[in-house]
Each structure stands twice: as C-alpha cells, then as structure tokens.
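S.K.: Using the sequences provided together with the hints, build the complete structure.
One letter stands for each residue in the lines below.
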Amino acid sequence: MKLELRSITKRFGSLVANENVSLTVQPGEIHCLLGENGAGKSTLMNVLYGLYQADGGEILLDDKVVKFSGPGDAMAAGIGMVHQHFMLIPVFTVAENVILGHEPTKFGGVLDMAAARAKVREISDQFGFDLDPDAIVGDLPVGVQQRVEIVKALISNAQILVFDEPTAVLTPQETDELMAIMKALRDRGTAIVFITHKLREVKEVADKITVLRLGKVVGEASPDESASDLASMMVGRAVDLEISKSPAKLGDLSFVVSGLSAVSHSGTKVLDDVSFEIHQGEILVIAGVQGNGQTELTEAILGLMPKATGSIKLNGQELLGRPVKQVLDLGVGFVPEDRTDDGLVADFTIAENLILDRADRKPFVKGLNLQLKYLREFATKLVKEFDVRTQSIDTKAGKLSGGNQQKVVLARELSRELKLLVASQPTRGLDVGSIEFVHEQIVNTRNSGLPVLIVATELDEAVQLGDRIAVMYRGKIVGIVPSTTPREVLGQMMAGITA
Amino acid sequence: MSDKMKTQKTEAPVGRFSGLARELFTGNALIPVLAVLASFLVGGILIALSNENVQATAGYFFARPGDMLSAIWQSVFGAYDALFRGSIYNYHADNFGDGILSLTQTLAYSTPITIAGLGLAVAFRSGLFNIGGTGQIIVGAVGSTIIALYVPIWPGPLHFLVAVLAGILGGALFGGFVGFLKATTGANEVIVTIMFNYIAVYLLHYSLTSWLKAPLASNPQSSPIPQDALYPSLAGPDYPLHLGFIVMLLAVAAVWWLMNRSSVGFHFRALGHNPSASKVAGVNIGRTYFLVMAVSGALAGLAGTSQILGTEKYLGTGVAATYGFDAITVALLGRSNPVGVLAAGILFGGLRAGAVTMQANQNVPIDIVYVVQSMIVLFIAAPPLVRSIFFMPKSKEARA
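In order, the protein sequence lines correspond to chains A and B. Under our numbering, think of the first position of the first sequence as 1, with each following residue one higher. Under our numbering, think of the first position of the second sequence as 1001, with each following residue one higher.
The list that follows gives simulated cross-link-like pairs (lysine-lysine, BS3-like), each with its CA atoms no further than 27 Å apart:
id, chain 1, residue 1, chain 2, residue 2
1, A, Lys362, A, Lys396
2, B, Lys1279, A, Lys366
3, A, Lys216, A, Lys67
4, A, Lys307, B, Lys1279
5, A, Lys419, A, Lys476
6, B, Lys1279, A, Lys396
7, A, Lys307, A, Lys325
8, A, Lys325, A, Lys362
9, A, Lys396, A, Lys373
10, A, Lys2, A, Lys198
11, A, Lys381, B, Lys1279
12, A, Lys2, A, Lys216
13, A, Lys198, A, Lys216
14, A, Lys208, A, Lys67
15, A, Lys396, A, Lys366
16, B, Lys1279, A, Lys325
17, A, Lys64, A, Lys2
18, A, Lys419, A, Lys362
19, A, Lys313, B, Lys1279
20, A, Lys2, A, Lys208
21, B, Lys1279, A, Lys269
22, A, Lys245, A, Lys198
23, A, Lys2, A, Lys183
24, A, Lys198, A, Lys208
25, B, Lys1279, A, Lys362
26, A, Lys198, A, Lys399
27, B, Lys1279, A, Lys399
28, A, Lys381, A, Lys325
29, A, Lys419, B, Lys1279
30, A, Lys419, A, Lys307
If you're looking for bench data, these hints aren't it; they were derived computationally from the structure.
M.R.: This is the structure we're talking about:
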C-alpha cells in the first residue's frame, strides 16, 4: 500500500510541530524520517496513527484520502506502529499480547488461544523470529520483545509499518537483526517508515531519506550521501561528528575499584567482582547493553548502594560506606543516566536545580536563609557559561529540552571542585548539537587532568569518547580493551563472549 | 530490562502521588474560587430542598408557582444572609461592637484549623501525605494541658509559654516519630498516621476518664486551665479572639519563610517533587522525612494548644473534633501555600461561625452547612469537575 502525507500541519498552541510536511512512501520501500529530537518526527507519525488530528493537510492511502479519528482507524486501514516504548503487558504471554484488542473467539466468546498461538507461530516462522507463543513477555530480552511488537502489527495485516526509534534499546547485534527483519518485510512489499536520528542505521537500510528540521521538511537525501552531510542537513549547520580529542596524557593512578560486588533486593548478583582503575586525564568507558550492572556500579560509587562490598578508592580515600553527601564532598561529579528522575527536579527552576546539592552551604545560605541574590548571580553565570538556552533562570527545568536539561546537570556538577567525573549515558536522547557540547565538556574535563568514568550503551559513543573501554555483562567486567578494538569484537563482548 | 521494570514498579506510587499533587497544588488559581462558587450553588439547592416552606409550596406548585419560587428565594437568601451575619458582620446588631462579634468568632474558629492546615501543607509540599493532624493536635493539647494543670510552679507568662512549647513539642515528637519510622523501615506515612490518630483518640478518651479527669466532673474532661496558662485575650472578655490569632499570622509568615526562603525548606520541596534526585544530590532523605513530619506535627500541636489554652479552656474528648480532617481540607484548598491556607482557614472558620446562625435563625440544618463544606473539598480535589462545570479547557494532564 502506498502512503502519502500531503502538507500536514500540526500546531500545539503557538508551537508549530509540523508545517506543510509532505511525504510519500511506496510499498516495498524503507523510508527514513531523519531529524533531531523535537524536529516533529513523532508528531507526524502520531498524526498518521490517528493519535493527533492534523490542523491542515491530508493523508492518502493508495491515492484515497483517509481520516483517522484514533489508532483503531489507522490499524484497520493497515497501518502498524512499533513504538519506542513497547506497548506490551509484561505478565501476559506472547500470544496473549499479540491478540490483545482483536481476540479470536470460539462459540460463546471463549478465547481461542490455539488459533492465537498458531498465528504467532506462522508469522514468527515466516520471518525467522523464533518466538515462543507461550513465553511471558516480561522474561524476554528487549530485542525479542520488539519482535512481539512487530508481530502484533503484522497480525492485523499492516501494509505500512512505522518504527519509532526502534534501535534505542537494542544491542548492536539485535540492531543488526532488526535491520535484517526490516529488509525482509520490505522485500515482501511492506512500506516502512523508519524514524531515527542515528546516521549509521539510516545509511544501512534506507531506500529514501526525508530530513525534518524544526517541523519542516528540509530536504530529501539518498543513503549514499556522507554521514556528515546528512548530519548537517539535520542540524542546519556543519557539524563535527568526530570527537576531536588529543591523546590522553595520563597522570597518576587516581580511581581504583577493586572486587566490587553487590546484590539486588531480589537477591540476584548485580555486581560481580568488578575491578578497574582510571588514571588522571583518562576516560574509561563502561560499555554494555543497558541493565548489565552499569546503573548499580555508578550507584555504588555515589554511595547509594550501602550494602556493596569491595573497595572504591579515589586518590587513596575509600568511598564505599560513605553517605552520598560525603562522596560528593570528596569531589565526585555525577551525571545520572536518568536526568529527569535523578538529575533534576522538574518543578524547580533552573537556578534551584543548580544548587540542589549545595543549598545548605555557604555562600548559598547564611544561617538558614537562602541567599537569593547570590544564587541568581551564580545561576546567571552558569547558564551563560554552559550555553543553556532559556529565557530566564526562573524557567522550570521540566520545561527545557533534553539537551538543555543535561547542560544544567553538567553545569551543576562541573561547577564543583571535582576529583572524578562519573557520567552515565550522558548523551542519551540528546540532539546532535547538544551531544557535541556534552562530549566537548567531558573531553575538557579529562584534559584538565581528572579521571572520567563514562557509562555508554552506544558503541559509537564508547569508541569515540573512551581512552579505554571496559565491557560489562551481567554484572561482570568481560574485559578492558583499548578503544581501537574492532566493533565486532566489542559487540561480542557486550553479548558476554570474552575476547 | 527486568531491573528497569523493577524500579518503575517501586516508584509508581511516588509518581501517582506527585501527579495528584501537581494537579492540586499548581493548578489554576481560579479553581478554588470557582469550587467555592459551585459548592454554594449546590448548597443553595440543598437548602431550598430541605426548607419546609419550599416543600409545602411545592405541593401546589402548578396552581401557584410564584409561592414556591419566593419560598426558594427566601430560604436560600435567608440562609446565606444568616451565614454572612454569623460569620462577618451582624448588621441587625444594635452597635458595631456586637455586630463585629461575628467576625471575631470566625477568626477564632479559623485559628486552630489554619495552624494545623499549615502543618499539613508543609508535609504535602514535601511529598508526605500526613493524615495524622488529629493525633498530633491531641498530643499537643495533652502536652500543654499537663503543663498547664500539673506544673504550676512558674509565674504567669512563663507558665503559658512553657505550656505552648510543650504542645509544640508533643506534636513534633508524635509527627516526627512517623517520619522516623518511614525513614528507618519504609513504613507508609499514610497508614501510620491514620492508625496513630486512633491511638491518640482512644488514649485521650482513656486519660480523660482516669488520670486527667477533673475530680468532680461527670463528663470525661480535664479541670479548667488556670488563668496564667491561657492565651491572653486580644479584645476583652466579650470577644473570643485570643493571642492564638496573632500566633497563627506569625505561623503563616514562618511557614512561608521556611518553605520559600530557607535551605531546610528547599530540601523539603526537593524531596516532595523528586525524592530520587534529592538522594543523588546528597540530601539525607531519612533525616528530611523526620524533619518534615516533626515540623508538620509541631504546627498541629500548636493548633492543639490554641484550642485548649485559647478557646475551650479545658481538655475534652472533642479537642481534635474534626480539626484534624478539616486541616487536610484547608491545606488542599489553600494549595499548600501558606497564604492560601490562611484564606482557606478563614473561609472554614466563617462557615463554622455562620453555621450556628444559619441553624438558629433560619432553621437550616447544620448538616447542610457541612455538606456545603464537603462540596468545596470535592470540587477542589477534582479540578476536572470544576473545569467541566464552568466549561474551562481541560488541563494538559487530563488531555494526555
């Protein structure tokens, strides 16, 4: 089925999310929708999926104008969506999830699970998904869960499939497998819309590329164009995709973690004898698929895992067993992986967020009185220094874009007297421009002679940012290798295979 | 993955609460006003329905509809007129002094509600749902009564001061203990405070029938509080207004300062809005839980002293009456903002003062007044309701 969007316009109040966006996707074509966060990709797809009503323009399927008042209409018309955050019920089986919403029934309204299982097997076999219809979805790896989402879309005979940032949660291997699935679907004649901001993936699978910027189509491109050209189109200026960093000038050994182990509430070993060391002026990247103990590692360093055993020494001082406040006071800067949950108070202003960790000390407080005047000067200075794009320091942090939120967190952490910087997925969900800025700040920190520990789930970032890479799998360090290690080897290590 | 899901699960209640809290505390400032208006409208209907004249004239409505309409008007207007005369100024009185008695009555009623409401507001803004106002008021009241009755060794003003401090301390300990339990064991403060209310209420009943009981009284109540431990009267013996009213105004200012200008309040609010970010920023969460509940309880205890040492002048089983729960309402109505709480407290004081007049002069059942109060709360607690009644656009949260 051919999909055509004709001059779609969608406004939210005064904000124009999509302006005159036109797009044609042929059957048997993978059409990449490339753009930064906030470029209007998701809005456009939500219009297509009936979640939003467009303020202007029309949607055509096989040259016939259609109107969707909800996702039900879109599904019935043959449009399937694979959401970034899976819309699955973790305690249901694969088959139960797949049939949810259009359950096959036998006489008297009894669920026909046999039919459901057969259908799942049929589609699974067709594309080599290797799905067990009776597996509980919550127990499955993320990549497999995504296949359940795909089956869910296919089972209602979707002719047009929309993938919304599908690779954000996948390992490199799973990403490759997804790419293969997308190609197989395309060869069967499905029209595919692939939303992403990752240039490597675009170049690998796209037949056509439409670039969105600030809600408008800025151009079409072919996958043959160079990554940096595509990036420039996306951002609207020349961007340097490579992180420029001079070779590390290693100072003294500074940060030493040895034999660190920890057990989660449910009794599973989340950190298993983790040992590594970082010199001054060095970036060590902890690479690995999310959920392999990286979060716990950073929490242990910060003092949030009081029951961890082993040793964490910063310049000879033991950090383990100290409360968070002391760890921070000893000079640990921490950029948490979840900015909105752990890094910021969304309902607080930028200025308030900048002193979240120091509201109780001079010069921000005298007696118990917050020194508002000093705070304002301080915040104004930092906002300028860290290029936080905001109208005022009184703007609520929750109102800022992801990139600007991260700048606020970085500003707060880097404005302390640091001895170590720990940053967990510091560029997750950021736009290209902000990623550049964050990387620059991290490299500068390292160049100033600090040991830096980065947790990265994306191989590109790990390879570019790290001086060395430690790969974590199931709470263990699989190996620590130089950043020149080939991607395939790193990818295998991330799946637990020792190099 | 499983780890991510686990954290989401454990944090869900926090998220749900903060969603509700955001809706309650940061919503349109017009909402409370409209909620009051809506509840007066509904209240008017109820007043009319419960009025005997209206009921009688309804019997021959089709013969003489005018009778019923005028009966409705008279009952509703009469009732709200009585409410005004009972709570603000009685223009039927012979002189200004008698007329203004109503207003002083309102302010006296509003004092304990407002102070306790401030306490709960502190907890709400800090993300703790303190339902224990009743218990904390009782413990505060008992504390001050003990000092007032059994420790008469200090001369005049000091006796009073120590009695008040004892009330504050009692409330602070009773509330703080809940914070301590939450910090050390993770016990949910809602459940703990609710049960602590029962404990306080029944221990009070027991005490007032045994060791605290006035020797000759037939009811479960304490001996009268001696004069030197009472809140000094502000306007002479003819008026119920006492120093507690000034204390209330000071408390409003103090809570405003605490929450908006002090580093302690900064941590309170940060905890309320995002406990995990506070933890990561090095805030001692456990200590903050304790402090929040202690401050919250201290204010409730202070409210208890103003009731016992100011208004009732003896300790009875009705001390916390409905104040503990009214305080929750007042805190919500005032959007946990000190000035808002003051306004809500005075509104409640007014309704209470006016209710008596409504009942006495117009035969409006006092229960109807309480229905109106409950309506206000209902409309406040469910902003979408008010929005749809007044055809306002939906909030962003509701749309999503």
